[in-house]
Each structure stands twice: as structure tokens, then as C-alpha cells.
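2 protein chains.
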Amino acid sequence: MNIKPIFFVILFFSVIVIGQNDKDQLRKIYKASLTDGKSYNWLDYLSNEIGGRLSGSLNAELAVQYTKSELEKLELDKVWLQPVMVPKWVRGNPEFAYIEVAPGKTIPVNLCALGGSVSTPLEGIKANVIEVQSIEQLKNTHRDSIKGKIVFFNRPMRADIISTFEAYGGCVNQRYDGAKEAAKYGAVATIVRSMNLRLDDLPHTGAMSYGETPINKRIPSAAISTNDAERLSGMLRIDPKLKFFLKQNCKQLKDVQSYNVIGQITGSQYPNQIIIVGGHLDSWDLGDGSHDDGAGCVQSMDVLRLLKLTGVRPKRTIRVVLFMNEENGLRGGLEYAKISKQKGEKHIFALESDSGGFTPRGFSFEGPDYKIAQILKWKNLFEPYLIHYFRIGGSGADIGPLKDKDVVLAGLSPDSQRYFDHHHASNDTFDAVNKRELELGTATMTSLVYLIDKYGFNNIDFQKKIKD
Amino acid sequence: MNIKPIFFVILFFSVIVIGQNDKDQLRKIYKASLTDGKSYNWLDYLSNEIGGRLSGSLNAELAVQYTKSELEKLELDKVWLQPVMVPKWVRGNPEFAYIEVAPGKTIPVNLCALGGSVSTPLEGIKANVIEVQSIEQLKNTHRDSIKGKIVFFNRPMRADIISTFEAYGGCVNQRYDGAKEAAKYGAVATIVRSMNLRLDDLPHTGAMSYGETPINKRIPSAAISTNDAERLSGMLRIDPKLKFFLKQNCKQLKDVQSYNVIGQITGSQYPNQIIIVGGHLDSWDLGDGSHDDGAGCVQSMDVLRLLKLTGVRPKRTIRVVLFMNEENGLRGGLEYAKISKQKGEKHIFALESDSGGFTPRGFSFEGPDYKIAQILKWKNLFEPYLIHYFRIGGSGADIGPLKDKDVVLAGLSPDSQRYFDHHHASNDTFDAVNKRELELGTATMTSLVYLIDKYGFNNIDFQKKIKD
Chain A
1 MNIKPIFFVI LFFSVIVIGQ NDKDQLRKIY KASLTDGKSY NWLDYLSNEI GGRLSGSLNA
61 ELAVQYTKSE LEKLELDKVW LQPVMVPKWV RGNPEFAYIE VAPGKTIPVN LCALGGSVST
121 PLEGIKANVI EVQSIEQLKN THRDSIKGKI VFFNRPMRAD IISTFEAYGG CVNQRYDGAK
181 EAAKYGAVAT IVRSMNLRLD DLPHTGAMSY GETPINKRIP SAAISTNDAE RLSGMLRIDP
241 KLKFFLKQNC KQLKDVQSYN VIGQITGSQY PNQIIIVGGH LDSWDLGDGS HDDGAGCVQS
301 MDVLRLLKLT GVRPKRTIRV VLFMNEENGL RGGLEYAKIS KQKGEKHIFA LESDSGGFTP
361 RGFSFEGPDY KIAQILKWKN LFEPYLIHYF RIGGSGADIG PLKDKDVVLA GLSPDSQRYF
421 DHHHASNDTF DAVNKRELEL GTATMTSLVY LIDKYGFNNI DFQKKIKD
Chain B
1 MNIKPIFFVI LFFSVIVIGQ NDKDQLRKIY KASLTDGKSY NWLDYLSNEI GGRLSGSLNA
61 ELAVQYTKSE LEKLELDKVW LQPVMVPKWV RGNPEFAYIE VAPGKTIPVN LCALGGSVST
121 PLEGIKANVI EVQSIEQLKN THRDSIKGKI VFFNRPMRAD IISTFEAYGG CVNQRYDGAK
181 EAAKYGAVAT IVRSMNLRLD DLPHTGAMSY GETPINKRIP SAAISTNDAE RLSGMLRIDP
241 KLKFFLKQNC KQLKDVQSYN VIGQITGSQY PNQIIIVGGH LDSWDLGDGS HDDGAGCVQS
301 MDVLRLLKLT GVRPKRTIRV VLFMNEENGL RGGLEYAKIS KQKGEKHIFA LESDSGGFTP
361 RGFSFEGPDY KIAQILKWKN LFEPYLIHYF RIGGSGADIG PLKDKDVVLA GLSPDSQRYF
421 DHHHASNDTF DAVNKRELEL GTATMTSLVY LIDKYGFNNI DFQKKIKD
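So the protein sequences, as listed, match chains A and B.
Residue 154 in the numbering used here sits at position 154 of the first sequence, and the numbers go up by one each step.
Residue 198 in the numbering used here sits at position 198 of the second sequence, and the numbers go up by one each step.
One should not assume that every hint holds.
[Claimed, not checked] So the derived label-pair ranges between C-beta atoms look like this:
| no. | chain 1 | residue 1 | chain 2 | residue 2 | range |
| --- | --- | --- | --- | --- | --- |
| 1 | B | D239 | A | L62 | 40 to 46 angstroms |
| 2 | A | K78 | B | K377 | 34 to 40 angstroms |
| 3 | A | K78 | B | K31 | 30 to 36 angstroms |
| 4 | A | N41 | B | G311 | 48 to 54 angstroms |
| 5 | B | P94 | A | I107 | 41 to 47 angstroms |
| 6 | A | F96 | B | N173 | 56 to 62 angstroms |
| 7 | A | R237 | B | Y45 | 24 to 30 angstroms |
[To be verified] Okay, derived cross-link-like pairs now, DSBU-like style, lysine-lysine, Cα gap no bigger than 35 angstroms in a straight line:
| no. | chain 1 | residue 1 | chain 2 | residue 2 |
| --- | --- | --- | --- | --- |
| 8 | B | K371 | A | K379 |
| 9 | A | K371 | B | K139 |
| 10 | B | K31 | A | K28 |
| 11 | A | K180 | B | K31 |
| 12 | B | K377 | A | K379 |
| 13 | B | K371 | A | K377 |
| 14 | B | K31 | A | K377 |
| 15 | A | K38 | A | K78 |
| 16 | A | K377 | B | K126 |
| 17 | B | K184 | A | K379 |
| 18 | A | K377 | A | K38 |
| 19 | B | K251 | A | K379 |
| 20 | A | K28 | B | K184 |
| 21 | B | K184 | B | K78 |
| 22 | B | K184 | A | K377 |
[Unchecked claim] A short, non-exhaustive set of chain A residues, derived as facing chain B with CB atoms under 10 angstroms:
| no. | residue |
| --- | --- |
| 23 | D160 |
| 24 | S163 |
| 25 | G362 |
| 26 | S364 |
| 27 | K435 |
Derived from the structure by calculation, the hints contain no laboratory data.
If you're wondering where the values come from, they're calculated on a predicted model, not measured in any experiment.
Where a beta carbon is used, it is the ideal one built from N, C-alpha and C, also for glycine.
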């Protein structure tokens, strides 16, 4: 009976000491990232020496080799490639499009094929245009008004929504499902307003799907810039009979061999408890994929390096996973989860960075409530670094397949305001990434991984039991 | 005795209703700013049609006329110019500088005169260089090592400090006081590493002061780019005898007439309680002053417009003040406070935006504790807009002279990570400002002004008394 108070006194002082240690360790991590980080240099190479890394492309292969060799230099316990077959879609020659207001009188349009789209016939497609704001509106339109026409999906992203990802979520079905739905009504092609909150001249590509549409019923699908969407819409109000021409010769080829790139520090006490941190190595082809998701890859690589650099000897296994094919297939994420399950691996935590390399604001989490509650208790440790936003719900596409009743999945949440200015467009380039913002993201990720490695979730179970 | 509980029940329900109204009103304000804001268009004109607005320049005069006429279009109760004499410093011809490693063998250097500096002789200055990290180090250096030389202040901004403003504060005395101090030891000129966290080729100007140094003892002072600072420092280690050449023909002219631009909505209930919101209209001359501080001006103008647009009829007087000459004299801020005092005006709250047009993160406050405590109770109203950071200490230079024991002064705190990439340099330009980020700042300012107008601080006194 006498032991209890003493136990609590000891516990109390341990907590204080632990608190101070953690504060100091986070300070060390942020300092190391901001003064001695590698993420920005790695991103420079990935973006400027390699460039866009579409799944199945030579560049994607080069990125696999490069990141593997860089991880090997870090003297981790293990670095390996995990084979995965990926789709190979190629854009072909630059697309060509215009609005025809009268025979011979045309206005050029900035257009790009959507990823996965079929080509137009060699001579292109010229047809009248019907503008709709949504797939629902399409379904309520008489078939005769659609047949033989190009369907133009023009619902803009809502500027009044603070999270641009939420605004994106409210629009992207036009891009993803538009062609599949329009084909049912006899449309000959679809064009979609780019998922971009700004008015500019850049078309933004992205994945689309034909679903179960038979091959001979598939129609070409493309995006036009927001300026062109505004212009086309305005011109249609004046002349609903105007014609639109587009030509693209993209193609879906056979699946090819590719890889997830994985590096690991094996845990010193609990090697079977795995923590992963990652991003996706593939990107679209129009820019160099600096924000989406070169940033997430180099940040994840640097998490392991910064842990070592700041003297952390992880108790649990920390793995960096650079997933292949997030953009048009998610094959890397699915394969990783499949192999992991086959091996009976136990993931306790997975963190993805796939929302751009901007100033970090916080994290999103999904997983058991009591585990998230434990993480939320660390919030004050992050406040000196202006990390305030810990949100429940959502994590990352690549780690999604790891979801089960026990694991905690998390996503880094950077400031989202500029993200869709660059997303999937030709200006997703290295110059749009700020070194400090990127490094703050790296440090924020490293800090959370450090805390989870140190405390795990078993202790929480234990503490929970004590309280119960 | 029976009345008390009923009173509290009524109070309780009022608070709930007020809470919901405020939530709705903030939603309206943010929506209006993001979908119908004017700040970005105004900034476009100020930056691209007028450009850099150095105090006393023609551009500064054009900016006064432009903003006055735009404020007049808003149908406020009153718009006026407040005369203020300002210093007029001119850069003259572009500066020219190089490192001479051997006679005839030179390396060009990106250099700009600091604001307020004297010119070099017509033929320029060529001299040996002594590098120091601080004014303290200078003071501990033997006079013979300094005499006849150019003093090179090379202390970098600390990358490990999260707030870049704090890192700036730790360096800027080299720029401001360097020439004054070096002149005492017989130096012939000073050059300072630009206040920039990045390594790039752009020199950053900014104010310097000779203090009480007699005119004939004043030495030219200039900034060199961070890349040049690194190069020069490296070369000095190899050859301490190398020479540095600089030539600049800047000049301080006589003071000239200029103006603060002021617009006002007169309060419907408490016209004598004044709330001001502002930025400074002058800028440096190398860029177009978009972030510093075109952004703060257009945001402040839009605060009054958005209040009207969202149906607010202010109880108190809301004034927008575009201060002249923050950068090299603060004459506008001083004059405004002086005139205000003469008139016996009572300012209850002043908010300045002068930290760039980036994503807003929160506010800094100075003033009586219990008033700030009241503002902090509104924090949760701002959370949906990712405004988390309410800090005690600091506000804005222009509103500083209003400080007394009663007023609350506040500064908008945007994300600071990119600010010093552009600050006082030729890349402080419109393209570096993101429309949404600017508009979110405007909405955040408008929301706080709305709440302060609605509740004032008298009610707080009242509530405080009830509790006491």
C-alpha cells in the first residue's frame, strides 16, 4: 500500500524528464532539418536531373535507381526494391485543340489528354459542344442533346472552401468519371475544366477511368485550362453551334515492371513493430512532379537520415517506402500491403506526405480513437514549430491499403492554398518549392515518427489498463 | 434574489445566439473575400501599373492619388489625405561592384546601396576588405586592421529559427548601424550580407542610419547578395589582400510633401471610438513592393469594403490608414499619431498588416491584458479558417506611435517562411503573391475588426465588473 504513492511520484518525475527530453529532441530535429537537411538537394536532382516520372517511363525507372542508391548511402540496415507491375500510359505527341467560331476562324485552346484516355482518330475530332456543370446534369439532359457532341464539364472548384483539397474533392468526379458517363449518351469526347482555383492558361491532367465501358465505346477525354474554360463557356452562350476540335494520340500500353523503393532501420527492441513513412515516386508527365510527390519522397527519405543524425536509435523498425504508381493505379500501395500481409508484418503506424512541399500545418489521422487521443497529447510539443492542426479523418492514398482495426494512418497537412495552382500541371516544378517550407515538413514528420517510435502504442495500452 | 438566475439564463441564451451570428458573419466575410474580393486587383494595379513607391518619388505620389480615388469609389463616409513631409532619398544610377583578385582580374558582385547611404566618390572606392560577424567583433578589432578598409558584415540569418522575422531581428543591426560604427574606426565603406535566408544573387536594400555621425565622416554603405557574400568570404580566406570595388551615386535630397491616405466609416453608435486598420503605402524601389507592403494596403482597404458588402453597419468608427514612409522614416505613422492626439481622438484598436501577403496564421497583440484576454476568447471562431496563432507581443511599426495604456495594437501574422526571399529585393513583385493567400488575410483582418466593432471593450469592462 505504501508503494503506490512512491510509484506515482517516480512516474510524475519521469513524465517531466521525458517531456523535457522530447522538447529538446524536437528542437534538435528541426534544427538539423533546417541547417543540415538533404531533402531539398534530393528534390533538386529528382526534379531537374530526372524530371516527370510517369509510371512505366524511363524517368520513373531512373528515379527508382537514384533513390535506391541515395538510401544506400545512408547506411540503413536494409534497402531493397519491391517489384510491382504498373500500367504504362503514354501521352504521345503534344495535343492540339481549338474553338472554331466560323469555318477557318479558330481560337487555340490549351488542352491536355487525361491520364488513361484513348486517343482521338488521327484526323482529330470536331464537334458541337454541350456544357454541363455536373454528371447529374448530364443525366438529366435529353440524349439527343448529347449524341455526337463533345461534353464540356465546367463546374469550377469552390473558392470559398478553405481547404483546397475539399474543393478538389467536390469537382474531381467530372474528370474521373466524365467520359464513362458521357459515352453512355453517345458523346464523342469530353473536355473538363482543369482542377485549378486560379484563372490561367495551364491545363491540368490527372487520372480518368472508363470503368466497365467496352473498348469500342471509349471516348477521348481531356482537360482545358481555366481561362479556356471561361472563354469557351462565354462563347457558347453567344453561339451554341460553335465547334470544338481536339487531337491527341495518347495510348495505354501493356503493364511493365517497376518497383517500390524501401529502406529500413531495424528496431533495436521491437523489430516486429513497423512504422512507415512515405510518398509516391511516380508523378504526372507535364511538370517535374516536385510538389506531387517528389516532396513527399525526399522528406520521407530524410526522416530516417535525421533520426540517425540526431542520435536516435529506434526501438521499432522504421521504414521509408517510396511507392510507385499512385497517380494512375495505386499498384505500389496495393502491392506493399499485399506482401506485408503475406509476411505477417505488423504495422503500428504509417505516415504519408502527398499534399505538396508547403509549410506544414499539422496532420490528419485515422485509426483507433484511443491511439489518436494519445498522439493529440503531444500537440503542445509541436506548437513552437507552428504546427497546430491535428485533424481526424484521412491520411494518404498509398498507405490506405494498410488500414485495419489496429494501425494508425496519418497524412502530413501542409498549407494547401497554392497546391492546385501546380497540381498535375506543367508548373509543378522545383522552383515552386521553398527550401525552408520543405524542410519544416521533413522535421515535422521526423518528430512524430520519433515520438511514436519512442512511446509506441503498447505503453498506452498499458497506461489505459492501469487507469481501468 | 430571484432575478439573478433569470438574468443569467437570458445572458446564456444571448451568448449562444451571438455566437451563432458571429460564426455566420465570419463565414460571410471569408466567402465574400474569396469570391468577391478586391484586394488582388488593387494590388495588381499598385504593383504593375505604378510599381515601387519609395517615399518622395513620383510613384509614391501616384499611389496616393490612386488609393484615394479607389477609396472614394467605396462610398465611405469620409476620405482624405493627411499631409506629411517625408525624406527623399534617390538611388541614382545602378550600382557597380566587383572583387579584384589581381590587377585587371575581377569578379562582378550584385550590390545595392542601402537606403539613406551617401554615394561613393565619382570614381568609386577600391580598398581591402575586413570581414566581421558583428558590430561587437568590429569593436574588438584593432583600429589599424580597419582603417582604410571596407568592413564586410557577414553574419547570416539563423536558419534554425522558425520565425524568419526573429531571425531578421538577430541580424539587421549590421545593416542599420554598421556604417555608423565602422566609420568610427576609419573604415572607408561597409558592405553587408543581404538579409535573406536563401542563397541567391539578389541584393536586398533597407534602411541604414548614420546616427550623429558628422556629414564629412559618413561612409557609403551597401548590401551584397548572399551568394556574393559566401564567395567573398571564401576568397578572403584564400587571399586576405584582395580588393573590393564599389560605386554608387545615391543621394539624400530635401524633404518633400507627401500624404497618408485615410478613409472612414463613421460609427453609428460610438463615433468617437476609433478602430484603424492599415499598412504602409511606400516601399523600396528595387521591386514593386507587392508583399512589403502593397499587400497590407489593399487588404486594409478591402476590410472596409467587405464590412459594407456583408451588411455590417459599424457601431464604431472604422478607419483605413495607408501610412507613408514606413521604410525610411516612419513619418506617416508619427504624423498620424500626432494629429490624432491634437484632436483628442480615442483609438480603441489598431491593426496593421505589414508582414507580407502570405497565408494568415494569426495575430500578435500588445495592450492591456484583460482586453487581449477578451480577444483570445474569440480564437475558436477563427479555427475553421486555420487561424490558430494568437501571440502576445508586437504589432506594426506605423501604429506603434499610437501606443498608450488603453489601446490594443495588433499585427496580422502571415506565414513567414518565404517573406525574406523577397523582402526589399527586386523580386518583391506581384507574381510572388498568391490571390487566395492575400484574400484569406483580408478576411481574417475583417473578421477581427468586425468582432471588435461589435463588442468593443466597454462591454468587457462591464462584464468584468459583474464578475468582480
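task = Assess, step by step, whether the Cα of B/K377 is no farther than 35 angstroms from the Cα of A/K379, and give holds or violated.
result = Holds - the C-alpha atoms of A/K379 and B/K377 are around 20 angstroms apart, at most 35 angstroms.
ask   = Within a Cα-Cα threshold of 35 angstroms, do B/K31 and A/K28 meet the stated pairing?
value = Violated: B/K31 and A/K28 sit about 41 angstroms apart, past 35 angstroms.
query = Taking only the CA atoms, is the gap from A/K28 to B/K184 under or equal to 35 angstroms?
reply = Violated, at about 40 angstroms.
query = Would you say the C-beta atoms of B/D239 and A/L62 sit inside 40 to 46 angstroms of each other?
reply = holds (42 angstroms)
Consistency of beta-carbon spacing, B/G311 to A/N41, with hint 48 to 54 angstroms = holds (52 angstroms)
ask   = How does the Cβ-Cβ distance of A/R237 and B/Y45 compare with 24 to 30 angstroms: does it lie in that range?
value = holds (29 angstroms)
query = Would the hint on A/K435 stand, with a C-beta cut-off of 10 angstroms toward chain B?
reply = holds (7 angstroms)
message = Quick check on the hint: A/S163 CB to chain B CB, less than 10 angstroms?
response = holds (8 angstroms)
task = Decide if the proposed pair is consistent with the structure: A/K377 and B/K126, CA atoms, cutoff 35 angstroms inclusive.
result = Not OK: A/K377 and B/K126 at ~60 angstroms, beyond 35 angstroms, violated.
key: Interface hint compliance - A/D160 to chain B, C-beta minimum distance less than 10 angstroms   = holds (4 angstroms)
task = With a cut-off of 35 angstroms on the C-alpha distance, tell me whether B/K184 and A/K379 pass.
result = Violated, at about 51 angstroms.
key: Agreement of B/K184 and A/K377 with the hint, judged by alpha carbon distance not exceeding 35 angstroms   = violated (55 angstroms)
Of the numbered hints listed earlier, those contradicted by the structure are 2, 3, 9, 10, 16, 17, 19, 20, 21, 22, 26.
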